[in-house]
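Quick mapping for you: the protein sequence lines, in order, are chains A and B. Counting in the numbering used here, the first sequence runs from 221 upward without gaps. Counting in the numbering used here, the second sequence runs from 476 upward without gaps.
Don't take each hint at face value.
Taking CB as the label site, the calculated pair distances span [stated by the list, open to error]: (1) A:L302 - B:G721: 36 to 46 Å; (2) B:D517 - A:L240: 44 to 54 Å; (3) B:I717 - A:G244: 12 to 22 Å.
Keep in mind that the hints were calculated from the coordinates and are not lab data. These figures come from a predicted structure and were not determined experimentally. Heads up, the beta-carbon is just placed ideally off N, CA and C, and yes, glycines get one too.
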Amino acid sequence: MKGIFGSGTNDFLVVRISSLILFGYFAFLTFFIVSHAPLTFVLWNGLFENVVMKISTTIFLLSFGVHTWIGTWAIGTDYLTLARLGNFGPTINKLYRISCALIIGSITLWSLLIVW
Amino acid sequence: MSATIPLEEVKTLTLNIYRFDPGKDEKAYMQDIEIEVPVNKDLMVLDALLIAKEKDTSLSFRRSCGEGVCGSDGMNINGKNGLACVTPLSEAVKRDKLVLKPMPGLPVVRDLIVDMKQFFDQLEKVKPYLITKDEDPEQERMQSPEEREELDGLYECILCGCCSTACPSFWWNPDKFLGPAALLQSWRFIADSRDQATEERLDDLDDAFSLYRCHGIMNCVSVCPKGLNPTEAISNIRKKLINRKG
Numbered sequence: 221m222k223g224i225f226g227s228g229t230n231d232f233l234v235v236r237i238s239s240l241i242l243f244g245y246f247a248f249l250t251f252f253i254v255s256h257a258p259l260t261f262v263l264w265n266g267l268f269e270n271v272v273m274k275i276s277t278t279i280f281l282l283s284f285g286v287h288t289w290i291g292t293w294a295i296g297t298d299y300l301t302l303a304r305l306g307n308f309g310p311t312i313n314k315l316y317r318i319s320c321a322l323i324i325g326s327i328t329l330w331s332l333l334i335v336w
Numbered sequence: 476m477s478a479t480i481p482l483e484e485v486k487t488l489t490l491n492i493y494r495f496d497p498g499k500d501e502k503a504y505m506q507d508i509e510i511e512v513p514v515n516k517d518l519m520v521l522d523a524l525l526i527a528k529e530k531d532t533s534l535s536f537r538r539s540c541g542e543g544v545c546g547s548d549g550m551n552i553n554g555k556n557g558l559a560c561v562t563p564l565s566e567a568v569k570r571d572k573l574v575l576k577p578m579p580g581l582p583v584v585r586d587l588i589v590d591m592k593q594f595f596d597q598l599e600k601v602k603p604y605l606i607t608k609d610e611d612p613e614q615e616r617m618q619s620p621e622e623r624e625e626l627d628g629l630y631e632c633i634l635c636g637c638c639s640t641a642c643p644s645f646w647w648n649p650d651k652f653l654g655p656a657a658l659l660q661s662w663r664f665i666a667d668s669r670d671q672a673t674e675e676r677l678d679d680l681d682d683a684f685s686l687y688r689c690h691g692i693m694n695c696v697s698v699c700p701k702g703l704n705p706t707e708a709i710s711n712i713r714k715k716l717i718n719r720k721g
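Input sequences plus hints: build the corresponding full structure.
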């Protein structure tokens, strides 16, 4: 398996870069909430009306999607295998992948719809 | 005046040993063997096993040099992989009990002996030998003292298997993840100034499993009987792979 993004190094870089984006986004949100306490609906709504924030949130959501997809794939290939679970392993792995795809896909797409 | 030779003071030690003989056992079991060891002398785990074997001659384990060079007697000693011949009882025994099991993750041939085929198959994949493309020199391939120093901490590996069989990633994917021992050897040749196959070696490692399945758990570092650091070697290969991207 060459990797989800073509090679092991590409996958590794995608995971690391997306984790930095996730961290940066959460750090900014934490800073915003703390520095604007008590937070009101108007402030919160105003923040997400800003185009820069919409683009940042889109990048955050795409990072979330690829980060969790690679992460959950790695977990599945470690634990849900023929060697560990016997003949049911590959089927359980397939069901797990479908569940992950549905959950990650819905969260990402639904959030993008809300933001835009 | 006659001198009396004092009898050696001894104490009882219980060895709790994993036993499995595929010829007669349906499943593995743990067997207690009590032995007497001197109080004022620190024996090695291998010595204790040899005493136990005198009591039960069917007990099987690998051993050869008895001094941490051949790497034959790797086993799980009170929950931690190590070489029986260089692990003193004073360090290994907890509450007067010593639990000995085969190295985890590999098929058991008998008692403390594991089938190392998977381990050596993975080692073979990293081509653990010098690859050159230039014509052979008349005498030898020269290396400066500094270039030779780069190999310190790499060439000393004795391939006992303690590190790879302590690695959860190797347990989970022993056919795809190369394991710390093989990756240490891979870096040993990538780092060698005389080797001319760095790109091919890196290409072979650039998939989702061979190298990148290392999660940095560092069990390999904690158990290596030679004090080597496979995690650092893996990190060095990863840096090389990333650097050639940019």
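Here's how the hints hold up against the structure:
Judged by the Cβ atoms, the range 36 to 46 Å given for A:L302 and B:G721 holds: they are separated by roughly 38 Å. Distance hint check: the CB atoms of B:D517 and A:L240 are about 51 Å apart, consistent with the given range 44 to 54 Å. Distance hint check for B:I717 and A:G244: the Cβ-Cβ separation is about 20 Å, which falls inside the suggested range of 12 to 22 Å.
Taken one by one, the earlier hints all hold for this structure without exception.
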